[in-house]
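**Q** My request is simple: use the sequences and hints to build the entire structure.
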Amino acid sequence: MSRGSGGGYDRHITIFSPEGRLFQVEYAFKAVKAAAITSIGVRGKDSVCVVTQKKVPDKLLDQTSVTHLFPITKYLGLLATGMTADARTLVQQARNEAAEFRFRYGYEMPVDVLAKWIADKSQVYTQHAYMRPLGVIALVLGIDEENGPQLYKCDPAGHFYGHKATSAGLKEQEAINFLEKKMKNDPAFSYEETVQTAISALQSVLQEDFKATEIEVGVVRADNRVFRVLSTEEIDEHLTAISERD
Amino acid sequence: MGDSQYSFSLTTFSPSGKLVQIEHALTAVGSGQTSLGIKAANGVVIATEKKLPSILVDETSVRDISSLFFHKSQPFSCLLFRCHFLILFFFLNYLWQVQKIQILTPNIGVVYSGMGPDFRVLVRKSRKQAEQYHRLYKEPIPVTQLVRETAAVMQEFTQSGGVRPFGVSLLVAGYDDKGPQLYQVDPSGSYFSWKASAMGKNVSNAKTFLEKRYTDDMELDDAVHTAILTLKEGFEGQISGKNIEIGIIGADKKFRVLTSAEIDDYLAEVE
Numbered sequence: 001m002s003r004g005s006g007g008g009y010d011r012h013i014t015i016f017s018p019e020g021r022l023f024q025v026e027y028a029f030k031a032v033k034a035a036a037i038t039s040i041g042v043r044g045k046d047s048v049c050v051v052t053q054k055k056v057p058d059k060l061l062d063q064t065s066v067t068h069l070f071p072i073t074k075y076l077g078l079l080a081t082g083m084t085a086d087a088r089t090l091v092q093q094a095r096n097e098a099a100e101f102r103f104r105y106g107y108e109m110p111v112d113v114l115a116k117w118i119a120d121k122s123q124v125y126t127q128h129a130y131m132r133p134l135g136v137i138a139l140v141l142g143i144d145e146e147n148g149p150q151l152y153k154c155d156p157a158g159h160f161y162g163h164k165a166t167s168a169g170l171k172e173q174e175a176i177n178f179l180e181k182k183m184k185n186d187p188a189f190s191y192e193e194t195v196q197t198a199i200s201a202l203q204s205v206l207q208e209d210f211k212a213t214e215i216e217v218g219v220v221r222a223d224n225r226v227f228r229v230l231s232t233e234e235i236d237e238h239l240t241a242i243s244e245r246d
Numbered sequence: 247m248g249d250s251q252y253s254f255s256l257t258t259f260s261p262s263g264k265l266v267q268i269e270h271a272l273t274a275v276g277s278g279q280t281s282l283g284i285k286a287a288n289g290v291v292i293a294t295e296k297k298l299p300s301i302l303v304d305e306t307s308v309r310d311i312s313s314l315f316f317h318k319s320q321p322f323s324c325l326l327f328r329c330h331f332l333i334l335f336f337f338l339n340y341l342w343q344v345q346k347i348q349i350l351t352p353n354i355g356v357v358y359s360g361m362g363p364d365f366r367v368l369v370r371k372s373r374k375q376a377e378q379y380h381r382l383y384k385e386p387i388p389v390t391q392l393v394r395e396t397a398a399v400m401q402e403f404t405q406s407g408g409v410r411p412f413g414v415s416l417l418v419a420g421y422d423d424k425g426p427q428l429y430q431v432d433p434s435g436s437y438f439s440w441k442a443s444a445m446g447k448n449v450s451n452a453k454t455f456l457e458k459r460y461t462d463d464m465e466l467d468d469a470v471h472t473a474i475l476t477l478k479e480g481f482e483g484q485i486s487g488k489n490i491e492i493g494i495i496g497a498d499k500k501f502r503v504l505t506s507a508e509i510d511d512y513l514a515e516v517e
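Going line by line, the protein sequences match chains A and B. Residues 1 to 246 (our numbering) are what the first sequence spells out, left to right. Residues 247 to 517 (our numbering) are what the second sequence spells out, left to right.
Treat the hints as calculated values from the structure; they're not laboratory data. Some hints here could point you the wrong way.
Okay, derived cross-link-like pairs now, BS3-like style, lysine-lysine, Cα gap no bigger than 27 Å in a straight line [unchecked claim]: (1) B:LYS371 / A:LYS45; (2) B:LYS371 / B:LYS297; (3) A:LYS45 / B:LYS424; (4) A:LYS121 / B:LYS297.
Counterexamples of contact, computed for chain A against chain B with all Cβ distances above 12 Å [as the list claims (entries may be wrong)]: (5) ASP10; (6) GLU19; (7) VAL42; (8) LEU60; (9) THR89; (10) VAL91; (11) ARG95; (12) GLN123; (13) GLY162; (14) LEU170; (15) LEU179; (16) THR213; (17) ARG225; (18) GLU234.
Negatives, chain B to chain A, calculated, CB over 10 Å [claimed, not checked]: (19) THR273; (20) ASP304; (21) PRO352; (22) GLY362; (23) ARG366; (24) ARG370; (25) HIS380; (26) GLY435; (27) SER439; (28) GLU457; (29) ASP462; (30) LEU466; (31) ASP468.
Idealized CB from N, CA, C, for every residue including glycine.
**A** Laid out in structure tokens, this is it:
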């Protein structure tokens, strides 16, 4: 093994570079952007909404099988932005973990507990050479019994934070700038406002108007805690409401 | 640890006899947010900057929960007084708020500079070690023992196959029978007891400032003021109870993280 500057290995496995950086983790973030999808999540007063682009690359593909929005349990949803295969692995493990939690402790896994579990797993991949970090940023949403609507973002580095609103993917920074302006005065959005803020943020950042079949929307509401993916008709209603509003 | 394919250590000696991965880890620590600790005559204070990446981050997800814990565990500790550490362990690992200062046992707290995810791993391992000690010896773990065991974990990761060193330095603050203690643990696994120390971005200025201001007979309140002044030295932007965290432990041997209101009070006194 050559040493000195890491011998070039610092780019191949997760060891430190001379500047104290982990290149593999940084490349994992780039892989998320390479998927060319942008996702947005917004937390309202009593609901959480996540929105992502639905790009079907081939007309022959079955559109219903192309999804980035996964229910983990009845009450927890996960929006995975980035490499689809890594997303499926993560979702599979998360579903298993949530089911075991329910069995072991007798109550539903809370959102932040799931987010921490995902983040801790991601940290293991940044420290052990035999597994690369996953190229996925996960937005986890649900209604917490004590704290109300929750939206957490977990990234390949193992960080996780709760967010009032956030974004992931290609236009992440532009979307966050847009959302910072909208959420500056801590508005308490109703369900409709939450969904419409999320969709209009995506439209504004990508500078295109969507058809209902081009986006996926997932919601949880305090009065109906089940995680739901909206149907095309419901998405259409929101899109119409947005265009009438403008 | 690690797959058989990676059964060789990634941290190996350079021709000049240095372990470069550890040096790189220290660089990672040096680019982390500043944190510091001060040992007073009757307690210890640890503090850190808490700069969140965006205003969209929910501060309540980064909130202090140790007060929550002590309230919730009272009925439990009456019934299961011997097991109250277990309850602590259970609650704290599931009620984690994204907070930089963490409690390891009721009388030991810890803060870090460097990589947050690595810190979480060490906190979890340390809590488990403290709990195992308690189970075996039926008494709270002394601060030196906990520091030694945590340091041993960090050293393992500099020698084992297929893993990299932790990118964090820890400041462990505790109060046990030997009085108030402050230890700094580095990614290499070496640790020293300090009267006052700092780590992270502004370390040299902070240490110079601390060297000037430190006195052996400081009281805990003075130490908190000094800690705030030291953080203020290198702080970019407006310092407030929302963007720093302070943890203290006094003669009552109960480690706690101050609320942002309490920090604002101390800030007002310092002005």
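**Q** Which of the stated hints cannot be reconciled with the structure, identified by number in ascending sequence?
**A** The structure conflicts with hints 1, 3, 5, 6, 7, 12, 13, 15, 19, 20, 22, 23, 24, although it agrees with all the remaining ones.
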